[in-house]
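Protein chains in written order, with our numbering: chain A, 1 to 218; chain B, 1 to 110.
Rather than coming from a laboratory, the hints here were simulated on the basis of the structure.
Note that the structure is a prediction, hence the values are computed from the model and not measured.
A hint or two may mislead.
To be verified - Simulated restraints, written as ranges between beta carbons of each label pair:
1. A:S168 - B:T35: 48 to 54 Å
2. B:R31 - A:I129: 50 to 56 Å
3. A:V54 - B:K83: 26 to 32 Å
4. A:L120 - B:P68: 19 to 25 Å
To be verified - Derived coverage of chain B by chain A (criterion: at least 3 residues anywhere in the stretch with Cβ under 8 Å from a Cβ of chain A; other residues may be distant):
5. 5-16
6. 43-50
7. 84-96
To be verified - Part of the chain A face toward chain B, derived, beta carbon under 10 Å:
8. V21
9. S24
10. L25
11. V47
12. L50
13. R59
14. D61
Yeah, the Cβ is synthetic: ideal placement off N, Cα and C, and Gly gets one too.
Letter by letter, the chains look like this.
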Amino acid sequence: MIGSRMKSHDVAIRLLRRFHVDESLVGDLVELRRSGRSPLWFWRQTVNALAAHVATDVRSDPSVVVVTATVVAGALALPYVWTHWLGHYANVLHAAWYPRAFNWFTRSSPHALWQVVVFLHPWEWDFDILWSAMLYVVTWGLIRTWPHRAHVIVLIFVLSNVSQSLPSLGRSVFDWSRAPFNPVWTSNLIWYGFFELVVIPASIIFGARRASRVVVGG
Amino acid sequence: MSRETLGNFELMVLLATLRVGDEAYGVPIARELETTSGKDVLLGSVYAALDRLEGKGLVASRVGDPTPERGGRAKKYVRVTAKGLRQIRETQSTLVKLWRGLPALRGGTA
Chain A
1 MIGSRMKSHD
11 VAIRLLRRFH
21 VDESLVGDLV
31 ELRRSGRSPL
41 WFWRQTVNAL
51 AAHVATDVRS
61 DPSVVVVTAT
71 VVAGALALPY
81 VWTHWLGHYA
91 NVLHAAWYPR
101 AFNWFTRSSP
111 HALWQVVVFL
121 HPWEWDFDIL
131 WSAMLYVVTW
141 GLIRTWPHRA
151 HVIVLIFVLS
161 NVSQSLPSLG
171 RSVFDWSRAP
181 FNPVWTSNLI
191 WYGFFELVVI
201 PASIIFGARR
211 ASRVVVGG
Chain B
1 MSRETLGNFE
11 LMVLLATLRV
21 GDEAYGVPIA
31 RELETTSGKD
41 VLLGSVYAAL
51 DRLEGKGLVA
61 SRVGDPTPER
71 GGRAKKYVRV
81 TAKGLRQIRE
91 TQSTLVKLWR
101 GLPALRGGTA
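Generate coordinates for the entire structure from the input sequences, incorporating the hints supplied.
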């Protein structure tokens with residue numbers, strides 16, 4: 001496996017296998033890729049194979065539409081649930097620790113330490129950690145309910161969260177681009193990007209793995 | 001005539017399978033379709049069509065031995081069943097009847 005082209009090919013194969021696409025079809029794609037077809041051709045075939053597989057799945061078991069609709073509705077409703085219910089507890093928690101920590105730092109820390117604190121962006125930690133924990137629990141619960149739809153659930157939750165965070169992430173990039181050396185904008189971008197693109201997808205995937213282990217283990 | 005109808009792409013896949021013969025599996029079927037239509041063919045669509053055709057009993061499949069050039073994966077050979085052949089003939093007969101005597105298709109003018 002040399003070079004990024006082979007790695008891209010491997011990722012596509014892993015994706016096909018994850019979604020239980022017919023091994024003979026995967027073999028055909030590998031055979032044609034080795035006979036000189038381009039990586040772009042391979043990815044186009046992969047996306048089509050996944051779409052065709054999902055369509056066949058829906059035809060053979062229409063309940064998948066109900067599961068998918070429920071998961072999509074759940075993923076879209078979560079921010080509403082957060083804003084009108086769980087967010088209140090996050091605010092209470094935030095009010096309990098943040099002003100005290102902020103006052104203590106401004107009074108007692110030297111300037112260099114304050115810079116580090118700004119960079120670590122602590123005023124968002126508890127909200128992001130609680131949101132990630134909620135996603136972990138919800139993903140876990142959904143996969144316990146529909147263990148055979150684990151990949152669909154993970155895909156919808158990751159796509160839903162990433163797509164919902166893109167406008168804010170774009171704003172962070174815009175703010176940072178106006179003043180790239182401003183530590184507040186830089187830290188804002190790094191931490192926001194880290195939570196939205198790494199921590200949140202990871203909490204969904206870990207929730208799914210945990211649920212799958214429980215299901216497999218009985 | 002049976003109540004089952006063949007989609008355009010399903011019919012093309014059936015005919016390509018017949019043209020390839022005993023060694024028909026995804027790759028040569030897709031190549032046959034590409035050669036005759038002059039368009040790029042998506043293997044996922046070919047497999048989905050084969051899956052539907054197998055469900056209707058128009059093709060039968062068997063799994064071959066795994067080969068190294070396919071990363072150790074086996075080929076899925078397909079052949080058209082007797083029911084499939086009957087269906088092709090019926091479809092051909094229907095299409096020929098519908099084609100016959102259409103002024104719009106003579107000389108390419110509507």
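Results of checking the hints against the structure:
no.: 1; hint: A:S168 - B:T35: 48 to 54 Å; in the structure: holds, 51 Å
no.: 2; hint: B:R31 - A:I129: 50 to 56 Å; in the structure: holds, 54 Å
no.: 3; hint: A:V54 - B:K83: 26 to 32 Å; in the structure: holds, 28 Å
no.: 4; hint: A:L120 - B:P68: 19 to 25 Å; in the structure: violated, 52 Å
no.: 5; hint: 5-16; in the structure: violated (count 0)
no.: 6; hint: 43-50; in the structure: holds (count 5)
no.: 7; hint: 84-96; in the structure: violated (count 0)
no.: 8; hint: V21; in the structure: holds, 8 Å
no.: 9; hint: S24; in the structure: holds, 4 Å
no.: 10; hint: L25; in the structure: holds, 5 Å
no.: 11; hint: V47; in the structure: holds, 8 Å
no.: 12; hint: L50; in the structure: holds, 7 Å
no.: 13; hint: R59; in the structure: holds, 8 Å
no.: 14; hint: D61; in the structure: violated, 13 Å
Violated hints for the displayed structure, listed by number in ascending order: 4, 5, 7, 14.
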